[in-house]
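Asker: Keeping their order, the protein sequence lines are chains A, B, C, D and E.
Quick note on the numbering used here: the first sequence kicks off at 1 and runs consecutively.
Quick note on the numbering used here: the second sequence kicks off at 1 and runs consecutively.
Quick note on the numbering used here: the third sequence kicks off at 1 and runs consecutively.
Quick note on the numbering used here: the fourth sequence kicks off at 1 and runs consecutively.
Quick note on the numbering used here: the fifth sequence kicks off at 1 and runs consecutively.
Any given hint could be a false lead.
Not the full set, but computed from the structure, chain D residues with beta-carbon under 8 angstroms of chain E [claimed, not checked]: (1) Leu56; (2) Cys81; (3) Asn84.
Please keep in mind that the hints were generated in silico from the structure rather than gathered at the bench.
Note that this is a predicted model, so its numbers are computed, not measured.
We put the CB at the ideal spot given by N, CA and C, even for glycine.
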Amino acid sequence: MRYSYYPGCTLKTRAKAYEDTALSTAKALGLSLTEIKEWQCCGALYPLNTDEIFSFFSPVRALLQTRAAGEDKLVTLCAGCYNVFKRTNKAVREDGELRRKINAYLEEDYMGEVDVVHYLEVLKNDVGFGSIAEKVKKRLTGRKLAPYYGCLLLKPRAEMDLDDVENPTIFENFLNALGATAVSYPYKTECCGSYLSMANEEIASAAVGRILNSAYKNGAEAFVVACPLCKYNLEEYQSELLAASKDPQLKLPVFYFTELLAEALAL
Amino acid sequence: MQQKVEGYPLKEYTTKICQIAKEALENREVTAIIGWRKKDFWWQSPVVFLEDPADVQQLVWDPFTIYSPVKFLLDWQESCAAKVGIFVKGCDSRGINRLLQDKRLERERVAVYGVPCGGKADAEKIRASFPSKEIKSVTLIGEELVLAVGEREERVKAEAYLLDKCLSCRHPNPVVYDKLVWEEVSPRQYADESRFARVQAVESLVTEERFAYWQRQFDRCIRCFACRNTCPACNCRVCIFDQAEPRWLGKANDPADTLNYHIIRAFHVAGRCFECGECERICPAGVPLQELNRKLIKGINDAYGDYEAGLDPTDVPPLGTYRGEDPAGFDES
Amino acid sequence: MPVTNEGFEPLIVAFCCNWCSYAGADLAGVSRMSYSSNVRIIRVPCSSRVNPSFIIRAFQRGADGVLVAGCHPGDCHYHSGNFFTRRRLTVLKQMMEYLGIEPERFQVRWISGSEGAKFAMVMNSVAEEIKRLGPNRKLRDVR
Amino acid sequence: MKVITEKINYNLLREVEEVSGQKVSACFQCGKCSGGCPVVWSMDVLPHQVLRYAQLGLVDELLHSKTLWICASCQTCDSRCPRNVDIPKVIEALRLIILRNKGGNYLHPNDLPARVRENAPQQGLVSAFRKYAK
Amino acid sequence: MKRIGVFICWCGSNIAATVDIDRVIAAAQKMSGVVYADQNKYTCSEIGQAMIKDAIKEYRLDRVVIGSCSPRMHENTFRKTVESAGLNPYYLEIANIREQCSWVHKDKEAGTAKAISLIRTAVAKAAMNEALFAAEMPITRRALVIGGGIAGIQAALDIADTGFEVDLVEREPSIGGRMAQLDKTFPTLDCSACILTPKMVDVAQHEKIKLITYAEVDKVEGYLGNFTVTIRSKARSVDLQKCIGCGECIAKCPSKVASEFEEGLVQRRAIYTPFPQAVPNKPAIDRAHCRFFTAGKCKVCQKVCPADAIDYEMADRLLTNQYGAIVVATGFDTHKLNNYGEYAYGKHPDVLTSLEFERLLNASGPTGGKILRPSDGKEPKTVAFIQCVGSRDKAKGNPYCAKICCMYTAKHAILLSEKVPGSKAFVFYIDVRTAGKDYEEFYTRAYEECGASYIKGNVSKVFPDGDKLLVRSVDVLSGALVELSVDMVVLAASVDARADAKELAQKLAVTVNAHKFFTEAHPKLRPVDTQTAGIFLAGMCQGPKDIPETVAQASAAAVKVAAIFSKQSLLGNPTVAEVEPKLCSGDLSCMAVCPYGAISEQVVEERRGREMVPRKIAQVNAALCQGCGACTVACRPGAINLKGFTNQQILAEVDAICL
């Protein structure tokens, strides 16, 4: 199975481990991910205002690159990129006026023909969790992992359509395929504070604290994420907040789901 | 399977037809016979109506027995209560079914003699290649047309000289008959491909070109109604176009009225036309009416499933029925 | 063909079935949803009452556009009328387009009695399209 | 704060609706947005109050609110809103009205703690500067 | 030449504001055939009507055109006016210059021009109007009521009490419907069963009522006074004649399945009566879950039945009956909560719907009327009631208000305080709506006397938290954030139209709205009628309503039915098809498209020369024809015409409208 692949800024730098394990596991599963040419930053955030179109150009160019490469699916890893691409693509498909403007500016004719998929979706739909379970060499039996979805993979409800917004299960099913135990806790979709950690750290740390405590109370030993920013926030605000647990040594590590996959496939 | 074609010498065909007609009249099975006879010119084999067994020698079967005899049945039925015998080609037989389905014909009052047909010749095409005045006779033998031109005999490939409508004929054998006059022939293999070729050519034009094309055609129309008069599907007792109250169609020779006529005529035969092509052949102005009729057939087939009129008199024509999930040719949102 | 038809006020004849589309038009009125005054409505009991001859006649007499509006399929007050309409007018529309009449000139839409807003919207969009096309010359009586 | 005719800034109100593409009047004040907001406890004007103030024309009060810089656009609220109001878009519009004025930037690169500058993922930095500066 | 009078109504300023009436009058006076034109401020008023009558006499008018509101509004009024002046009512024609002109066009110039055009069109049609007379039709004086909930029960009883026969069809094995599931009813708190059960028994015992349970409507044909309905009586597998209702079979049945009546809180058997007071109190076999039907072995019920009433061979039966009128009372479904994952319904056993909570309250329910948590069987001390779940939510639920939830939630809060001493109810609401007699007082009682805390705030999320449930919301009034740890959460799920309402509507040829509730003929003035004569609505199937409203509507529907049955025959619609024999070719294309079977073949004698010969042509049964006109287009020669909408009339309208 062949896909175009968009890495995004973070995966080439501070989330190198995410990309490395994604690419190595893809290879092991017989997936061909080809990085598209000349990509730019996707903008990190989908534009929430209606009065400018420049923010759309970078993602549309990447989608055009995908088309030019003869592929019909663009795979992303970073949840931020996924959110931007998926929503941009949907907007191009459904908003004729926006599509006209973008194409007029880029002198292109993009109609939204490429599908934007997250690597997790590729694993679920194209490879199949069942098939992954069969390929697992080292089952992660006994590992109690808290799936943490964050916001960008799932919301807004009407646009993302990856899984149920309130009760998603794709991570749980993935973890089960690897033989691990998915810890159930009610904060798995609560926001970690996102970029508030850049300018309003006390707010982000409080938001993270509730997530950490909830997962810990329900028996989690580590987190699984798909977003570099979620990972950063969950790791950054552990020390002060786990004080409540009365164990100063306690740490809940945060893994990208691909890291666990690589481990289970013994790569 | 071996291709079966008309293969008898001319005389044998005619003899067979005469014999059947004679027996039927003599046995009082029927009181009259409708068939074809030869007239003065080589290209004329019009419909004839006979009551005396002695006259049956007039009957003929040759490449010009083109005219559809079925509409004469309407006049016959109106005029008397007796039974009539009629010779029908494949296309004509579908006209019989047309009248039966429209309840315009009482089946028990007609004896239908089915004549499998290898196709009829196009006099225009022949005239273009041979001196008309020297032609004495034209015979179809197998896939060859045999012409007696002056003293010599010319043998040519029939395909080049047959009527277009015969080249795209799907049912050369009668689909309804009491007696088959001779063995069935095989339909032409390319009939299906050529069926909608002209329609597709017109469809491929853009809107304005299509309008200009049809204006050129309809401009010639003199509204003589010959197309309607010959059409077995146009069998109303009183045609809408002949009514004065209300007046559905203006009498003045206005191009819009001509267009009105052609649209409504085509609409009235939609789902009912069985492609005998008589309308177009008989048109003195050369309006390509089959291109219009077949467009509707194609449209109906595409939207509501393949349907061929005149094959089964007991079914319901497509515009007389519906399915809940039918598609529409307009915005249904 | 002129690109704009400034000042052209088309005449649009709308045949509306009494139970759905005519009621939809009334609802648009009750709700004061303004729409193009180019539209003139002829009330018929059911869209299946609309004879193609009426449509052609309207064009002949100078209509620039004709709309037939009926209940949504399955909602016909008379069970099945609009199912016949759908077949008949699909055939008529195909034929008219084939003869070179612009598809916008003759339209068929389903508008229910509760779709006042849709009625107004459809009338405006038809009026817009016809304005863009310009006057009907192809089917109009010369005399 | 008082709702008085003279104080209502209709132009600004129109601008908010235009930039956000959202219909502020659609909100019926059920509070589901505020109830689910993960950072609501740190806000001075709660999400449903943002819409209420906007409905009442108290836009100037909104422009001075901390809330604009606290909303993380996580979209929990709009994913649950029964009235289909995308509140993050309304907040974004208010934020842009400030940022588009000279000197309106909320965050300068020098403000970032060194620890953040060195460790934070690019995704977070880019996001923050798209939200907080122009 | 006809003598046509034209009357333009101002409708106060409704028409006069956008249409220059004087110019319309001036234009009308010049129209062919018009001998008189005048205006009136309110033509529908007595004065306005008198003016028309006087003008008819004074100017010997023989056709009347009125430019006014929609004919759907006042056509009948004005027909009576013309009739009282001695003209045939169908000599009237109305030009709709209000709904379709003055109300939708703002420009006076354009409005006036259009009004003139519409008047001209109506004049052209009126000139061709002919006198029409209605045919008389017999009536089958027997009613069908579809649905055996409180609406259907009330309608059936009321019709039967007027002395007419009623068949009551119910889909489930017992009548009773939703009301049977309820414990107490607001605002009086009388016991639902105590007031409903006697009515159910009345139905069973009424000599005029035939109860057909476990049956559904398959097909409806015909029209007012003469419906032919096919009812599918589903195979009950129990012979009602033989069954003595002892319940032995139920006790011994080995297959269990979630009980619909108990909202899935407990299980029932595969052979079952839905609830103890069922009418008829005889079981049915649910074949989808019966061991014999699914696995081929068992037959325990047959073995234990003392009356030999079990019949595995029983098949669905189709009953075809004639009815004169139909009452639709099919009720509602509760809203499925799939879109509300934030409330943890289905994720945590102590999150319940209101109807489930209702069963907990009920003495015959799964807990014997004790409020106990499904998770651990303990009494909840704190309960959060969340209103508007799926209601007033255009994003992921119903945009409309379900109407009953505010009141039953107040009832639940009151009953909780009574049943669990020391308990506390928190009611989360968007708005509290208590319009109704004694309703506001009832709500007041909930918070004033029974200690319920009302919090204006739509709960955003319910977090399962150990054996508690954490409810997060906001108090909109104070701006305070709310985080409550409660023992139970009750969701006021919205009400939906029945999932198959649209299918039934199509069978009945009536319409449903966007939410699949049946549409009434007029929202204010004909709230019980449908657009199809002879079919009436009662209860929730038409839209959310509470029990008193449902019962009132049911009784209203019954009166409508009785009014029809009070006559021996009905006057039909005179705008029916007719055949012109001279033009008819007899091909009967018309017959194929007639939905009412109103067209048949007839033989006419025609002169041909000196003899008369028979000829077959079409004929219309005026009593069956409903006047759609589908036949007129199928008829190529235009031999079949529709009175009131003739080819001549419509062509004249087309000609006039295009001028």
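Asker: When the nearest CB of chain E is found for cysteine 81/D, is that gap smaller than 8 angstroms?
Answerer: Cysteine 81/D check passes; min Cβ-Cβ to chain E is 6 angstroms, inside 8 angstroms.
Asker: With chain E as the partner, please determine if leucine 56/D meets the hint condition of a C-beta pair closer than 8 angstroms.
Answerer: With a closest approach of 14 angstroms, the leucine 56/D hint is violated.
Asker: Would the stated hint for asparagine 84/D survive a check requiring a Cβ distance to chain E of less than 8 angstroms?
Answerer: 5 angstroms, holds
Going through the hint list in order, the structure does not satisfy hint 1, though it satisfies all others.
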